[in-house]
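Engineer: As given, the protein sequences belong to chains A and B, one line each in that order. Using our numbering, the first residue of the first sequence is number 1, and each one after it goes up by one. Using our numbering, the first residue of the second sequence is number 1, and each one after it goes up by one.
Hints were generated in silico from the structure; no laboratory data involved. Please note that a few of the clues may not be correct.
[Said to hold, decoys possible] If you want the ones that stay clear, here's a sample from chain A, every Cβ over 10 Å from chain B, calculated:
id : residue
1  : K8
2  : D11
3  : G32
4  : K50
5  : I59
6  : G67
7  : D87
8  : Q114
9  : S138
10 : F167
11 : I217
12 : D228
13 : K233
[Said to hold, decoys possible] So the derived list for chain A, only partly shown, Cβ under 8 Å to chain B, looks like this:
id : residue
14 : P81
15 : W108
16 : R111
[As the list claims (entries may be wrong)] For each label pair, taking beta carbons as the anchor points, the in silico distance ranges come out as:
id : chain 1 : residue 1 : chain 2 : residue 2 : range
17 : A       : Q168      : B       : I282      : 34 to 40 Å
18 : A       : K187      : B       : I366      : 34 to 40 Å
19 : A       : K8        : B       : E87       : 33 to 39 Å
20 : A       : G61       : B       : L302      : 41 to 47 Å
21 : A       : Q168      : B       : E87       : 24 to 30 Å
22 : B       : G92       : A       : N157      : 42 to 48 Å
23 : A       : Q168      : B       : N57       : 26 to 32 Å
Using N, Cα and C, we set each Cβ at its ideal position, and we do this for glycine too.
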Amino acid sequence: MDKNIAVKVDDLTVAYNYKPVLWDIDLEIPEGVLMAIVGPNGAGKSTLIKAILGILKPIAGSVSIYGKPYKKQLQLVAYVPQKGSVDWDFPTTALDVVMMGTYGSLGWIKRPRQKDKKAALEALEKVGMLAFKGRQISQLSGGQQQRIFLARALVQNASIYFMDEPFQGVDATTEITIINILKELRKAGKTVIVVHHDLQTVPEYFDWVTFLNVKKIATGPVKDIFNDDNLTKTYGINYKVSIQE
Amino acid sequence: MNNAQIEIQIIASLVSIACAIPGTFLVLRKMAMISDAISHSILPGIVIGFFLTQDLNSPILILFAAFTGIITVVLVEYIQKTGLVKEDTAIGLVFPALFSIGVILIAKNANDVHLDVDAVLLGELAFAPFDRLLILGTDVGPKALWIIGVILFITITLLIAFFKELKVSTFDAGLAASLGFSPAIIHYGLMSVASVTTVGAFDAVGAILVVALMIAPAATAYLLTTDLKKMLALAIGFGVLSAISGYWFAHWLDASIAGSITTMLGLIFLFVYLFAPSKGVIAVLYREKQQRAEVSLLTFLLHLKNHTELEERHVNHLREHINWQRVRAKAVLELALKNNMIVVDKNIVSLTKKGDTFTSKAIDYIITNRDAQIEDMKDDFFLFRG
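Please model the entire structure based on the sequences and the hints provided.
Structural biologist: Here is the structure:
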């Protein structure tokens, strides 16, 4: 393959209390794809992202981002956790949450400056949330909260974006906003990796897909591998989706 | 006021500031009970430190006891990680065990020193001015004042330096980790500050008041603001207010200073809990009442919009059709009239232009759940606020 490999995962095994949730994963994600990770509940989709980002420690295997360990490539990567993973009653505003995206480039102790604030405002505008910048985050709807999270990742101006179920429980406006931004990112040559639940939208939204169920089932272009065979292997039941050409 | 009185109030105020800062983060991290655990389990650290140094105010003793605090946190996390018990159970297992070791050590070995269980639980702020710090024979003030002053200085320095790291790891530990700010380092840093503060404040105010000073001001501030910096400032303010008012309350009652300060903390919390503008109990009840009225109003307006027939819009028929009790129907009618949404002509109710637009917009919002177009309505109606 001619393309650069953005993310490379080798023999990755992750366990919770000695029970493996990911088993011997080998995965190469080429630069510039918009990839969905699909699989049933408990397949280890979020765990895979967290292990790549070093949030969880694998018991075996290694991960590299453009050929180097993640710790050396922090600036290249942005992460959007599941919306439910944080306490939205935290005393802070939409703008402040987006500003957190700039903290990585600042490093320890240094404070955000005017240009960081400007970048945060621009990101808010991109996701259509500028009017809500001063709003306390618990006063936002679920879709708006998700857009704030996306804006926070955009501020990082990364090369690779990891998103954990960004379409979970959001309204139609938000879903369209998010997918348009993801497609723009791909157009700009970025790599976007999304944990995704809705199989119906995979062919429409993504160009690359990874089937995961504790082990990797398949990975590759949607048009080649998104078929009943792989779906059945992944979900364990006779799965039929009609793919519209 | 004599000198001793002023000194006691300054010590109490500094202790309350030093506690409010880590306390705010403990409350936001839902770890309030860990401060209870630390405050009790540092006791064996203090006792062993005292045997080693023979000085209750030695910095070595403070570090030794703070280290016991960290051990508590590690033990609690270790037990919790086994997955066999939940965090609160783990806390309940660890600190009584360590505390009781401290109690036994005191009873066996320290009968002749100023270290008894009463003082451990409640402290003795009233005696703090008697223990002076002498530098080259000059009296520079009470030792307790210097100890807590140094701890407070370190706490504030760390807070200013690592404010953004504390904020991001408290709000979103996953993001903090992915940005390269190790949540574990920040967590143990915060626990160390909480432990050192607890030890420093311990001799002055005792194990129970330390917990109250960490949690109550932060919990009170949480009800009043949606900004982390303001929450810290308010927590500090409530801490100092309770410290000083509590001192005078004790003076007036001739009772324990620690007990009086804790009482003040409780009273201030209760007051804010009831009367806080948006999160207070009364505000919440009022809002619920408003929302009920608004839902009724909307139902009523919708009925008018859907029915053009005159008999459907007669005042008396409306009551029957929507099947409301008389009182509620009257209130809704008045609310709609007051907002110029309906006109009543010969007992026939009709929507005004404003009422018609409002109903369409509201229904559209409820169906599409789209926020942007009803922004201007949010200020007038509770119903449409999140």
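Engineer: Which numbered hints are broken by the structure, listed smallest first?
Structural biologist: Going through the list in order, the structure violates hints 4, 7, 9, 20, 23 and respects the others.
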